[in-house]
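*Asks:* Sequence:
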Amino acid sequence: LMLSLFIKQQENTIIMQSKEMSQNQLFYVVFFYVHMYLSIFTQKLLYYSQNIADVELISNKECSKRPQHQNKLI
Numbered sequence: 103l104m105l106s107l108f109i110k111q112q113e114n115t116i117i118m119q120s121k122e123m124s125q126n127q128l129f130y131v132v133f134f135y136v137h138m139y140l141s142i143f144t145q146k147l148l149y150y151s152q153n154i155a156d157v158e159l160i161s162n163k164e165c166s167k168r169p170q171h172q173n174k175l176i
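Sequential numbering of the sequence shown, starting at 103, is according to the working numbering.
Be aware that one or more of the hints could be misleading.
[Claimed, not checked] In silico DMTMM-like cross-links for lysine to aspartate or glutamate, where the CA-CA straight-line distance does not exceed 25 Å: (1) Lys110 x Glu122; (2) Lys146 x Glu158; (3) Lys146 x Asp156.
[Stated by the list, open to error] Label-pair ranges, simulated between beta-carbon atoms: (4) Val136 x Glu113: 33 to 43 Å; (5) Gln111 x Tyr150: 57 to 67 Å; (6) Ile116 x Leu140: 28 to 38 Å; (7) Met104 x Ser141: 53 to 63 Å; (8) His137 x Val157: 26 to 36 Å; (9) Leu159 x Met123: 47 to 57 Å; (10) Ser106 x Phe134: 38 to 48 Å; (11) Glu122 x Glu158: 48 to 58 Å.
Keep in mind the hints are simulated off the structure, nothing from the lab. Quick caveat: nothing in here was measured; it's all calculated off a predicted structure. Beta carbons are placed, not taken as given, at the ideal position from N, Cα and C, and that holds for glycine.
Given only the sequences and the hints, what does the whole structure look like? Please build it.
*Replies:* Structure (structure tokens):
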């Protein structure tokens, strides 16, 4: 009888440990996905901001070119 109770206790502790492990694993998986999503999101933000800056530079160059051409024509 004592042996069977002991075995039951061991099974319960193993089940509890596995539950805790699964919760930890779930937490780490969620954390990993959130981290990946945020890193991709920030990379895209940086990429788009760089593109916007490039477009602004090009448009500024175009604007600075136009008056010079007009001056040359005049």
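*Asks:* Mind listing which of the numbered hints don't hold for this structure, in increasing order?
*Replies:* Checked against the structure, no hint fails, so every one of them is satisfied.
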